[in-house]
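Chains as they are written, first to last, in the numbering used here: chain A, 1 to 336; chain B, 1001 to 1435.
Be careful, since some hints might not be right.
[Said to hold, decoys possible] Over 10 Å on every C-beta distance to chain B, these chain A residues come out as not near it, computed from the model:
1) Val54
2) Ala55
3) Gly81
4) Glu129
5) Ala178
6) Thr185
7) Glu284
[Claimed, not checked] Reference listing, derived: stretches of chain B covered by chain A, where coverage requires no fewer than 3 residues with Cβ under 8 Å from a Cβ of chain A:
8) 1201 to 1213
9) 1382 to 1392
Hints in this document: simulated from the structure, not taken from any laboratory. None of these values were measured; they are calculated from a predicted model. Note that the Cβ used here is the ideal one computed from N, Cα and C, for glycine as well.
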Amino acid sequence: MSSTNATELCPGCSEPTHTGDAFCEGCGHRLDGEVAPEVQCAWCSEVVVDGYCVACGLAQPKEGDHIEIASRYAAGVCDIGRRYRTNQDSLSVRSAPDRPLVAAVVCDGVSSSPKSEVAAQAAATAGTETLLAEFPSDADGHRATSAALSAAARAAAEIADSPNQAPACTYVSAVVAADNGTDPTAHAITVGWVGDSRAYWVSADPSTPSTVLTRDDTWAEYMVAQGALSEEEAHAAPSSGALVGWLGADAEEINGHVTTVTARAPGALVLCSDGLWNYLPEAEQLAAAVPDAADDPLSAARAYTRIANEAGGRDNISVVVIPIPLRPTLQGDPTR
Amino acid sequence: MTDTPSFSINVDQNQYLPLDGTEVHAIVSVTSSKGSSLTAGTAAEAAEVIIVDTSGSMMGNEIVAARRAARSAIDTLRDGVKFAIVAGTDRATMVYPRTTELATVTAATRQEAKDAVGQLDAYGGTAMGEWLNLAATLFQPVPDAIKHAILLTDGQNNEPASVLNQALERCSGLFVCDCRGVGVGWNVEELRKISSALLGEVEMIADPQDMEEDFRKLTSKAMGKAVADVALRLWTPQTASVQYVKQVAPTVEDLTERRSEPASAPQAGDYPTGSWGDESRDYHICISVPPGTPGREMRAGWVRLVVAGAEEQVLASGNILAEWTEDEERSTRIHPSVAHYTGQEELSNAIQEGLRARKAGDLETATHRLGRAVELAHSSGHEDMTTRLGGVVDVVDAASGTVRLKQQVSEQEEMMLDTASVRTARIGPARGTSA
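Put together the whole structure using the sequences plus the hints.
Quick look at the structure:
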């Protein structure tokens, strides 16, 4: 098979190119004589061609391998980890511009499904948008969280090309607002989730314990909840970690969970994917790993990411840290 | 050039390295196929020189067979091809044309050349360096043609080694030369040295009767070449270094020392591959890289196939990658192609070392090395080599490589095995045409 109007070979990849093409179909190499803006190597500052440095040969970090978000009231880090080639986690953090209110979502794309990182991103974005839009109207965290879960579920399901090729992701959201009551330290925290991404209360007050606020949608947790197996039996089973709930077009029914707590002592709310909590499953471990997490949320999120990577980075890592009581942070972008 | 065949490069490797891993192995397969629009008549200009040993030892059957073989080769040359026939003794003599130049194939010159070949007589000595030098002179006026020579001999060179070495140095890169040894009086290592330097292959013609068919095939293959002077260009990162570049199929040929560094391509080396027709060759490339950090990916080698010339042309390219991981399951895997050819390289060495030891009277080493060769040939399904090894050793158990040296081994069997030792088995179903 030879194409008749193939005139030249791409200087980048040697595939035949067609007259008039601006870019090579094979590798994206510029063919129209335009000089692409020079990209500098992230490691040695030489020029990058076709994604590799011409001097040191290293592949350049891909967009999305490492994302940091610093919002007015919270910060988050999403990192590819050390084992996977793609980052299928996603997160979204948004603060209200006019009042102490923040919404955050962490989604973990299920690696066995194609395009799951796209679903994760769509779900995370839909989640925070809906939370911020719905919450102020009636300050009902429960209702806003349910609405956001539904919006996220729809967004994730829309990514699917077909039910057999359905991208899927987990979801954990938080919406936190200063209580308007008499206690200025009181904050209403509403958490919603599907799957095994978690929310933790990390206490900065010695008299209040740190605690996990979510219960994983995994086979083990399900069997225990049904009374079918003891905690030990369930966690010893090979399928213990298998997800029984997720967002995506192939999820038969979305069984979202919503819980509301009121924080009356200082601390931080931490949302994370299993890429972090697998290394620090107990709330007290998570709290002890990064003392003073509430003081500087971005540094804390980076510290958690580093800990997970140093422990092996077996999975993508996402973590959002929301210091409570809410207060504008130094790095926080006031517009986000 | 519209008649350049299309080339493709495929890289087989396990790119994952452990964190302290510093050696990247890859099998780079190059396949060229001529477009269907290309017919024999429109091929690139070709030039062929046939060198026939006419030293005294060729007297008898061999010179008769050589005349017949040369005629058959002449018949196979396309019209328009430049050609010459050279007689080799202690000097090189033009047989056709009589003057020191190439003739052009026409019906008339073909007949004249065949008549001239009929007059070949056997007398005198053997000076291969002289023969090759004359070929180089003949090819000089056609630098852009696809230049090929056949060297047929039945004996050993009687020039000082330095004379042959100088000739090889002069001829290297100018033309491709395939060598043919007839009978048992020639030296396998000597012809291998010539064909290796000139990017050709050496074969043994045990029976002079087979010479005619062999020459016809050889010339036909030469006529099938569509592009000459192709180099394998290997770029490596500043922090990396090339350990070796070996052709591993159809034959083992170490190209590492043949590297030249083109001014136009920084951090790259060119390894000559000669001329190409419809065929496929595999290369084993090994690159040293510094240790990495988890998840870091590196282009450890960028392989391009380049045609030299006024305007350099890149025919195909491929990446050899390195990616560091803590996942041992990934990093400890060896790609089947790398494993296969590593075995074939060892097989080739084991045969040559075994035969050398046998000649030197070191029977213990010979048994050990040839036993290992039997084991490798057996496990890789290289049946042809297993059969040839059976001419030199009695196989007790092929799977474990248990063998006994044969008491009586004909020199012919031994030379056939030695000659064939560089020929490798392909992994899986053969790709392209094998020679």
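Evaluation of the provided hints:
A Cβ of chain B approaches the Cβ of Val54 of chain A within 10 Å, the least distance being about 8 Å, so the stated non-interface status is violated. Some Cβ of chain B comes within 10 Å of the Cβ of Ala55 of chain A; the nearest lies about 5 Å off, and the non-interface call is violated. With a minimum CB-CB distance of about 8 Å to chain B, Gly81 of chain A fails to clear the 10 Å threshold, and the non-interface call is violated. Every beta carbon of chain B lies more than 10 Å from that of Glu129 of chain A, the smallest distance being close to 32 Å; the non-interface claim holds.
With a minimum CB-CB distance of about 40 Å to chain B, Ala178 of chain A clears the 10 Å threshold, and the non-interface call stands. No Cβ of chain B comes within 10 Å of the Cβ of Thr185 of chain A; the nearest lies about 42 Å off, and the non-interface call holds. The beta carbon of Glu284 of chain A sits about 27 Å from the closest Cβ of chain B, which is more than 10 Å, so the claim that it is off the interface holds. Counting residues of the stretch 1201 to 1213 of chain B whose C-beta lies closer than 8 Å to any C-beta of chain A gives 0; at least three are required, and the coverage claim is violated.
By the rule of at least three residues with a Cβ nearer than 8 Å to a Cβ of chain A, the coverage given for the stretch 1382 to 1392 of chain B is violated, with 0 such residues.
In terms of the numbered hints stated before, the structure departs from hints 1, 2, 3, 8, 9, listed from lowest to highest.
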